[in-house]
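Asks: Each chain is listed here by its residues.
2 protein chains.
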Amino acid sequence: MIDAVDIVGYGRLGQALHRLFESKGVNVRCIYSLSKTGERFASRDQWLSDETMAPLVFLAIPDDQIGLQLEQRSPSTSLFIQCSGNCERFASNRFSTAVWYPLQSFSLGRNPDWNSIPVLIESESAELLAWSQSLGLNIQSIDSQQRRALHLAAVWANNFGQTVMGMAAEICRNHELDPKLLKPLLDETLSKALALPGQQAQTGPARRGDEQTLHDHLELMQGDAAVQELYRQLSQFIRQRYGKV
Amino acid sequence: MIDAVDIVGYGRLGQALHRLFESKGVNVRCIYSLSKTGERFASRDQWLSDETMAPLVFLAIPDDQIGLQLEQRSPSTSLFIQCSGNCERFASNRFSTAVWYPLQSFSLGRNPDWNSIPVLIESESAELLAWSQSLGLNIQSIDSQQRRALHLAAVWANNFGQTVMGMAAEICRNHELDPKLLKPLLDETLSKALALPGQQAQTGPARRGDEQTLHDHLELMQGDAAVQELYRQLSQFIRQRYGKV
Chain A
1 MIDAVDIVGY GRLGQALHRL FESKGVNVRC IYSLSKTGER FASRDQWLSD
51 ETMAPLVFLA IPDDQIGLQL EQRSPSTSLF IQCSGNCERF ASNRFSTAVW
101 YPLQSFSLGR NPDWNSIPVL IESESAELLA WSQSLGLNIQ SIDSQQRRAL
151 HLAAVWANNF GQTVMGMAAE ICRNHELDPK LLKPLLDETL SKALALPGQQ
201 AQTGPARRGD EQTLHDHLEL MQGDAAVQEL YRQLSQFIRQ RYGKV
Chain B
1 MIDAVDIVGY GRLGQALHRL FESKGVNVRC IYSLSKTGER FASRDQWLSD
51 ETMAPLVFLA IPDDQIGLQL EQRSPSTSLF IQCSGNCERF ASNRFSTAVW
101 YPLQSFSLGR NPDWNSIPVL IESESAELLA WSQSLGLNIQ SIDSQQRRAL
151 HLAAVWANNF GQTVMGMAAE ICRNHELDPK LLKPLLDETL SKALALPGQQ
201 AQTGPARRGD EQTLHDHLEL MQGDAAVQEL YRQLSQFIRQ RYGKV
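These protein sequences, in sequence, are chains A and B. Everything in the first sequence is counted per our numbering, starting at 1 for the first residue and increasing by one. Everything in the second sequence is counted per our numbering, starting at 1 for the first residue and increasing by one.
Take these hints with a grain of salt, some might be off.
Note: identical chains are not told apart, hence a pair may lie in one copy or across any two.
Said to hold, decoys possible - In silico DSS-like links for lysine-lysine, alpha-carbon gap of 27 Å or less: (1) Lys24 / Lys183; (2) Lys36 / Lys24; (3) Lys36 / Lys244; (4) Lys24 / Lys180.
Keep in mind that the hints were calculated from the coordinates and are not lab data.
With the rest of the complex left out, here is chain A (with noise of 0.2 Å):
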């Protein structure tokens, strides 16, 4: 039976777990860190050395700490949950381990919607389904291919839409425009690029092969060399993918 949760890390998503599962009554029945100190954490000597765990032991830690980590810690009938889109599944005959993968990324201050978020799973334990369900999570079982396309995916989503649409945002700024104005023009470009093929959904001035345009922006971002660089090759890559022969 699941009664607790153990989490290891206290980063942002240790963080996030914590909130999680405090907003919905599970027990957290030890937060371990493995560098901060305090009243609130167990130490990283703790970690290494308990023997009695929660059923669900939450590891918030980087993707290179996991098999280190377990590594060195004495064998245990609970089950170790990575928490990582890229991370290969720790094997070991001494723990259990299960691939539970919040699609979100998670910031500091930041109070993310878990009830929306999809949390995919990688596990034979059908406990931890159905207890991740009874807390209204919105989850979902994948294999490990999937889990790392999912991941690969999240990154030009989340990594590479933050570059372009914060160059956007920067632009505003430069030249005393409040960044909101795009919000209505990034839900639609978001809408779409989610429900439509790029070959449909795609547009704007390097599609079309429209020179001109390409010219005066090119004009105006004169001074930093880098973005030019950038958006010539993002101009290349949409004129040969989907551009007019």
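Chain B: place on chain A using the hints.
Replies: This is chain B only, laid out in the frame that chain A set:
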């Protein structure tokens, strides 16, 4: 007194304007089409020769047509309204012109929410401003310089946003995953991109110099050299601009 409008051109923008005006009870006196024929439309010849036009004439035609069309027309006391972000404002002593730029991407078959779309206006006509406001539109006065900057920002946001978010959606589809799984992540990306400077908002493997993930991702995309190349270019840009030195 503005008691009617004309629309010239009936592509995506012309149709969106038509629906807007109908929904607001504005009298659309005449729709001229430069290419379409039918009962509904007045012809190109009529557009060039009509002496009496509505007080406002919305030019929903391509940028490079605006000057060409106005030069061929007989003079008029109407206010000729350009609706585009990047075009020169047509200057002539035979016509009054204004720019009325709705910051949205219009697609056939989609109904944008006009009450939220910012309409950026460049005009000396207080009457045009008051009339636009009376329709309940979200209007704002800007100058030419700001309008050009906003058009560039819109390309980064909408066109390049489509490219990277569309790529994310494509990866999902290729792995039998619903692209809509990305929606909560993208909503968060969008809201952070507009609220925070890139230096604060940018995250991901490229920024933190996570070579293992970059390597894994490039491997996942093998077979599509152009996509790999764009991934490398975006990662390189992020690293140079936001990465650790």
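Asks: If a hint holds in the structure, say so; if it does not, say that too.
Replies: Okay, the hints, checked on the actual structure:
1. Proximity of lysine 24 to lysine 183 under the C-alpha cut-off of 27 Å is restricted to the inter-copy arrangement: shortest distance 23 Å between copies versus 32 Å within a copy.
2. Proximity of lysine 36 and lysine 24 under a CA criterion of 27 Å is satisfied intra-copy only: 25 Å inside one chain copy versus 60 Å between copies.
3. For a Cα distance limit of 27 Å, the shortest separation of lysine 36 from lysine 244 across copies, 23 Å, qualifies, whereas the shortest one inside one copy, 56 Å, does not.
4. Within a single copy, lysine 24 and lysine 180 get their C-alpha atoms only as close as 33 Å, which misses the 27 Å cut-off; across copies the closest is 25 Å, which meets it.
The earlier numbered hints are all upheld by this structure, with none contradicted.
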